[in-house]
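**Student:** Chain by chain, the residues run as shown.
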Amino acid sequence: MSASATPGLLDFVVDRLEVGIFVVDSGMQVVLWNHFMVMHSGRSAEEVIGRNLFECFPELPKVWLEKKIRNVFLLKNYAFTSWEQRPYLFRFHHNRPVTGGVDAMQQSCTFLPVKGGNGAVEQVCISLFDYTDTALYHRQLTNAIGELEQEKAEQRRLIDQLEDAQNQLLQSEKLASIGQLAAGVAHEINNPVGFVNSNFGALERYVSSLLTLIDAYGSADHAAEAPAIRQKIDYEYLKEDIAVLFKESRDGLERVKRIVQDLRDFSRVDSSLEWQETNLHTCLDTTLSVASNEIKHKADVVKAYGDIPNVECLPSQLNQVLLNLMVNAAQAISQHGTLTLATGTEDDWVWVAISDTGSGIAPEHQKRIFDPFFTTKPVGKGTGLGLSVSYNIIAKHNGRIEVESELGKGTSFRIWLPIKQKSELSA
Amino acid sequence: MVTEKFKFVLADDQKEALQEIANIGMGQAGSSIAQVLGEFVQLSIPRILVVPPEEVPTALAWNIGEATVSAVRQAFHSAMRGEALVIFGQHRCNDLADLMGYEQDLDHAAEIELLLDVSNILVGACLGGIAEQLQLNIGFSAPSLMADALPLEQLLQGSPVPWSTALLVEVNFRLETRSFACHLVLLMPDEEVKALMVAVDHFLESL
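Protein sequence lines correspond, in order, to chains A and B.
Per our numbering, the first sequence starts with residue 4, numbered consecutively.
Per our numbering, the second sequence starts with residue 9, numbered consecutively.
By construction, these hints were calculated from the structure, which means they are not laboratory data.
We put the beta carbon where it would ideally sit given N, CA and C, even for glycine.
Be aware that a few hints might be false.
[What the hints assert, rightly or not] Taking beta-carbon pairs under 7 Å as the criterion, some of the chain A residues facing chain B (in silico):
1. L77
2. A82
3. Q88
4. R89
5. L92
6. F93
7. R94
8. H96
9. S222
[Claimed, not checked] Computed Cβ-Cβ distance ranges for the label pairs, DEER-style:
10. I56/B to G11/A: 27 to 35 Å
11. A156/A to D21/B: 55 to 63 Å
12. A107/A to E161/B: 55 to 63 Å
13. G119/A to I56/B: 31 to 39 Å
With the hints as constraints, model all of the structure from the sequences given.
**Tutor:** Right, dumping it as structure tokens:
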């Protein structure tokens, strides 16, 4: 049988094809050895043909390869080797002596059963393909993928670091705003404590006078002096004033108690990381009272609360945002103005607007106000983190924050929050 | 709908004939494999299923019962065309190393080569057995690694079978004296199954 009209063409092609082709019989004797094998092995066909393959090439893995060839005889079926698992069968030089990077030609082989007329396998034809280029390319790709994976891991690490830094920023901003507040709160508490204290001084003197008077009444010797003492200590005034002092002191203590309560509500130490159904009006009120020292001398507060449902949020974080916006509003007012707190609802959203009649934000600054460390306040007055942190807190709530501002007229911040968080976030 | 157009069912006598052909083919395969390995091989009776491609992973998972698998795919062509999957459990076929002329200490590359070798033998023997019954010519491409110790459910993930119907022929192998077992699955697209059934019909007529 001939696959060609030209005699000898097939022989020529088999011999000269850029593929290693050799044939062995069942005794492992070589019966065909083509030009490719001659060129690369340095052994001529005359040297090899008729001899045992493993005698000619003792470096071949005999046990394994002979088993493999025998299996082709037995099973009458193809067998294969791949450069990926076994880089080469014969150690040949490869076509990249200079730029290579592999030590030998990378080979994939096919073992083809050559059947005789009766269907039995008489010989096995082994074709050996040069896969060096593919192997090198493959190796480059593998390296590139490895590098990408490494970069990905590095990026993951950096993202984690960023998240840590972000959390630290959040914490330090919280501490900064608490520090800022502490002075104001100290004043708020100091004032009632001061006057309760001085009331106590007066009450001490009054009690001492009254005791003197009572002693005089109770003693036979001094009973006559009693009316004079009564006159001297101005008993009628004392009676009135004691009631006033008690009432004032009680009010003062109430104020201290309320401030402490508000501070506690504001910070919600015990539940700072829990999503809760929260009344935003309560949040606004507690925050307002915590910040009152910053606000009361600068602005009249107008509340325009709408009818809104409870909102699923992290209350202490939201309070931090409200505090930030209120303090900013107060600071934007140079003499005296109005601070308006408004709320409302639209579809599945609730909004809170905090508006001032202050100096406004210059248009060129409006784009940057949420950037970390951006501040127009004098050094030492602001961290430049307040609005950035606020922005992130609102983003964490899947909400958004909008700003409208006009120089000289004032600024209005509006926070939009979804009433319900998506379940995986609230979980 | 495309799926409707290509949908087919095997007639009972066709399925019976195919089952018979597969049984005889596997019998021959068993004896050739035993010759190669020098050990007695247990083969299950081939299970023949016609399933929609989306059910192929489930059908495989149902019968394999190994959590972590390694798998080899090998294409066959000419008169019969399709892909054979050979699925191994956790120990792959390392226990066959000496039978295949390998040193005992296998590195990873040798383990994979052994896996490919054994798969090639099983696929060649089984498909060769079937093809011989049907007097069909069959050729094979080199086997390639499809899964290197992956969870079973990831086996066919990301390589959806783009056929409307798949013929699944499943055989289990076991060696009595060695800890070795694997599953051979032949997947053929519907068009090819039609061609196969023509051959089966010829076979029936020639009886």
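**Student:** Against each hint, give a clear statement of whether it holds in the structure.
**Tutor:** Going down the list of hints, with the structure as the test:
1. L77: holds (5 Å)
2. A82: OK, holds: A82/A within 7 Å of chain B, min 6 Å.
3. Q88: Holds: closest Cβ of chain B sits about 4 Å from Q88/A, inside 7 Å.
4. R89: holds (6 Å)
5. L92: Hint on L92/A: violated, closest Cβ of chain B at ~12 Å, above 7 Å.
6. F93: Constraint on F93/A not satisfied, violated at 17 Å.
7. R94: With a closest approach of 17 Å, the R94/A hint is violated.
8. H96: Cβ of H96/A sits 22 Å from chain B, so the hint is violated.
9. S222: violated (100 Å)
10. I56/B to G11/A: 27 to 35 Å: violated (49 Å)
11. A156/A to D21/B: 55 to 63 Å: holds (59 Å)
12. A107/A to E161/B: 55 to 63 Å: The hinted range 55 to 63 Å is violated for A107/A and E161/B, with Cβ atoms some 40 Å apart.
13. G119/A to I56/B: 31 to 39 Å: holds (34 Å)
In the structure shown, a violation is registered for the earlier hints numbered 5, 6, 7, 8, 9, 10, 12, in ascending order.
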